[in-house]
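*Asks:* Put chain X on the given structure of chain R with help from the hints.
Chain by chain, the residues:
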Amino acid sequence: MNAVLTLIAKDLRIEARNRQTLGLVMVLGILIITVLGLGLGTQNNVNGFSATAVLWVAYLFSGVLCFEKTMAVERNDAVLSALLMAPIDRGVIYLAKLLGNLVLILAVAAVVTPAGVLFFGFDLSAAPITFAGVMALSILGFAAIGTLFAAMVSSSRLQGGLLAMMIFPITLPLVLVSTQLMMRTFRDGLPVSAASVGVLVAFDLIFLTVSWLVFEWVLEP
Amino acid sequence: MCRQCKQTLAWLITTMLFFAIAIALVAGYVPTEATMGPIQKIFYLHLPVAIATFVACLICFAASVGYALQRDMKWDRLASAAARVSVVFCSVVLLTGMIWGKSAWGQWWTWSPRLTFSLVLWLLYVVYVMVRASVESPQRRAIIAAVYGIIAFLDVPLVYLSVRLMPDIHPASVELAGSMKLTLIAWFGPVFMLMFGLIALRFRIDQRAAELEKVESEPITAPGQMTWAGGAGSAL
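Protein chains in written order, with our numbering: chain R, 1 to 221; chain X, 1001 to 1236.
Just so you know, the hints here were simulated from the structure itself, not pulled from any lab data.
Using N, Cα and C, we set each Cβ at its ideal position, and we do this for glycine too.
Treat the hints with care, as some may be off.
Stated by the list, open to error - Among the chain R residues that face chain X by a calculated CB cut under 10 Å, a handful are:
(1) Ile145
(2) Thr171
(3) Ser196
(4) Phe207
(5) Trp217
What the hints assert, rightly or not - Pair ranges (Cβ atoms, derived):
(6) Gly161/R <-> Ile1051/X: 29 to 39 Å
(7) Lys10/R <-> Ala1210/X: 56 to 66 Å
(8) Met1073/X <-> Thr209/R: 20 to 30 Å
(9) Gly198/R <-> Asp1072/X: 36 to 46 Å
(10) Leu24/R <-> Glu1175/X: 18 to 28 Å
One chain only, chain R, in its complex shape (with noise of 0.2 Å):
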């Protein structure tokens, strides 16, 4: 646990000293949002609801430059190879490594959400809690998936656009049921079915469990 907490406290420290990822990927999650309004919104065929799907593409894309560049960090000078000599476990420092991740992209969900919501006129106001929750869900496995795809990028020197490749298709079901539930709770004003919330606690728990186990087997200095 104190493992956890260390590489945590360093991966934040470095980003609160140079500052790069966080403005980065805020800005990009911003223009993304507003290039689909720009497509969509004039028009005026976006329903509120819809607004689920732009946030989506807005998470996906700032959440793999996230991944990528959470990474990126210990490529540096051969980070990577110090951190792989200590004496811990490795699955520690890929929980560590989610949850800097998570940080991060919480963070971005925090500025991207409300311009989203902003930009779209997506009425949140009948279920906010539903809405947060099952977002927060949605974005434990798509970390998940991330973190472990990340380090198997980096470890392997390939093309960035490589990681966008592997996550995306995995995450579908992730995008499918939260835009799925979001079109019940806002449009339908019907309650929250457990089996969809099953699902994606479903797909947090395997993919949290395989990555945990896989992860040694992915890194390499």
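*Replies:* Same frame as chain R, now just chain X:
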């Protein structure tokens, strides 16, 4: 002709023969469906290929787990072969499904659960093939592909559960007359033979390529002839 070539040829001819029988059954034996007309006959290809796709994905998953546990390149080659075949088969499922959809529902594509499911499955395995192509080191490629192969397959039931939240127009179960059942069973044979055969063929080709690479990387020395390094080693 070598033994493997004979086997391949025998497999090819048998598969073709079974396909001929299956096509003959569709063309001459099975009655045309009342509401949909002749286009319904595409179903005899569609369903077996869809199930063969799943089997190929399952093989890819099993081989990925095998590689992760044993680190034997054979597993990696098997996983790669199965993934390629599942992409091809899944493309056939999507195309035949779209032809069906155009005549049954009047649209090439609708975001109905099973169509979405097939599309996501196709995307998952196309990415698998793409990822393999972009990693150079064979060992890294194998482990990355194995991890992706495991995660992609675990994603499949989640995709299935999530698409069920969407409104559906795809037939869930189909009532079939006796002759239709027989024709359907007749189609399973050649489709599965083709699937297993293509995987085996791809696997053998990759196996041969790896052997060739190994031979080429070894220094050429005639038996009994001493290389300088060998001579120095034995003298010490």
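*Asks:* Does each hint hold? Answer for all of them.
*Replies:* Verification of the supplied hints:
no.: 1; hint: Ile145; result: holds (7 Å)
no.: 2; hint: Thr171; result: holds (9 Å)
no.: 3; hint: Ser196; result: holds (6 Å)
no.: 4; hint: Phe207; result: holds (7 Å)
no.: 5; hint: Trp217; result: holds (6 Å)
no.: 6; hint: Gly161/R <-> Ile1051/X: 29 to 39 Å; result: holds (33 Å)
no.: 7; hint: Lys10/R <-> Ala1210/X: 56 to 66 Å; result: violated (42 Å)
no.: 8; hint: Met1073/X <-> Thr209/R: 20 to 30 Å; result: holds (27 Å)
no.: 9; hint: Gly198/R <-> Asp1072/X: 36 to 46 Å; result: holds (37 Å)
no.: 10; hint: Leu24/R <-> Glu1175/X: 18 to 28 Å; result: violated (58 Å)
Comparing the model with each earlier hint shows violations of hints 7, 10; every other hint is respected.
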